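Enquirer: The primary structure of each chain is shown beneath.
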Amino acid sequence: MDSTVTTGTETSVWGGGNQPLGASYGKLMMWFFLVSDALTFSGFLAAYGFSRFKFIETWPIADEVFTHVPFFHGNYPMIYVAFMTFILIMSSVTMVLAVDAGHKMKQNAVIWYMFATIIGGAIFVGSQAWEWGTFIKGDHGALETKGGRILQFVKADSGERASLSDFAVTIPGERVIHERKNGLWFFDEPTLTSFSLEEVVEGFKANPNILIRTEVITEEGEKTLLDRQASLKKLADATQVVEGANLIHNEYGSRLFADFFFFITGFHGFHVFSGVVINIIIFFNVILGTYERRGHYEMVEKIGLYWHFVDLVWVFVFTFFYLV
Amino acid sequence: MAHGHKLEIFRGLVKFKSNTQKIWGVLAFLTLITAVEVVLGIMKPEALTDTHVLGMKLLNWIFIILTLVKAYYIAWDFMHLRDEKSALRRAIVWTPIFLVLYLVFILLVEADYIYNVYRDSFISWNF
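Protein chains in written order, with this note's numbering: chain P, 1 to 324; chain S, 1 to 127.
Honestly, the hints are just simulated from the structure, not real lab data. Note that the coordinates shown come from a computational prediction; the quantities given were computed from them, not determined experimentally. One or more hints might be untrue.
As the list claims (entries may be wrong) - With a cut-off of at most 25 Å between alpha-carbon atoms, the simulated SDA-like pairs for lysine to any residue come out as follows:
(1) P:Lys-302 / P:Ile-280
(2) P:Lys-223 / S:Met-43
(3) P:Lys-146 / P:Gly-16
(4) P:Lys-146 / S:Ser-124
(5) S:Lys-85 / P:Gly-16
Chain P extracted, bound-state conformation (with noise of 0.2 Å):
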């Protein structure tokens, strides 16, 4: 490589094609990425710790809001997101086992290895999804005010949360969905909710076993529980009904809540459907043989890091908008 080079290792270091850091030009460049992409997610977490410790005191609870489990009904919090969790670890350690396979140069082993990972991925790209649809289609609908709070309702007797339509009353109008096609100059309007204000502030008043939750968080840890009396009172505040979520209007509570749960779970899912996109390719030159002529599964330890370090955020962002 060098010509020029007579004496000792000390002047060699010039001629260049040495590694000082023993990783090779695609492994540092993965390093790098990964080391910018880190502060990608960082600052979104960052930006999501601003805006929870702005309003510390109304922050929804992450506990009441992701409850549920697919196939099953019930209140289970925090055991869909511990499997999912689970999945990305487990698909992790597939990874890592192909990499090893492919340092010893084990084609086979390597097939079936990363096989299991790009499952593990699609499971949990999947489950991600469902996770979502769940939050939008929402759980038991709310009530938001003027200034934008949500208006919750619990049973009385039981404490446990009341649905909308475990108390609103029908009242027979005529109201249907504008649509573009019966008016001239009309274009659209929202979907509307399955009750209207006046028939859930209806009910509300017929049924004195219906309490009303605000977003305040007491000292204990718990959303304020008002009495009937200051419940009447505050009902009178709201403005229309919420059910389920979207970038405007949530009705598990603050808004801003919603808004970073789309997009910091919603960035995590899109690194990890083209980290399995990455995988299906390398999996396809895996089986081709193209790193067997190579002489180094090196390609399949590049996107391992990838792979790893999707895993790793997700440890953050379970801890940060799931636990804490």
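We have chain P; now place chain S onto it with these hints.
Expert: Using the frame of chain P, we list chain S on its own:
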């Protein structure tokens, strides 16, 4: 790969015979930590939620520390940082840690200030 794997974790307390074995060992450890986190998250023991350290619940500190422990083992054993040269390791690890600590410090202090302004100002958000 020219260099071999370092096969011990917990500062040499646990040694493994092969790299594969170490991977399963680390998986068991990470699963255990996740299980502890979930159990604590569901139970929320009062002794931990009532105690505050540096303005935050002790339980939340435990979660954050356990998360960092998990992150350490993912980076060190799954991403093979344990086997890399220390110069590479330091460049990768300390750069984000420094920048993130700085950013988090600035943002959280500022957020707390805004929270106080909202709470103590003449207009209250009670409508």
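Enquirer: Now tell me if each hint is right for this structure.
Expert: Status of the hints after comparison with the structure:
no.	hint	verdict
1	P:Lys-302 / P:Ile-280	14 Å, holds
2	P:Lys-223 / S:Met-43	17 Å, holds
3	P:Lys-146 / P:Gly-16	68 Å, violated
4	P:Lys-146 / S:Ser-124	14 Å, holds
5	S:Lys-85 / P:Gly-16	19 Å, holds
The structure shown violates just one earlier hint, number 3.
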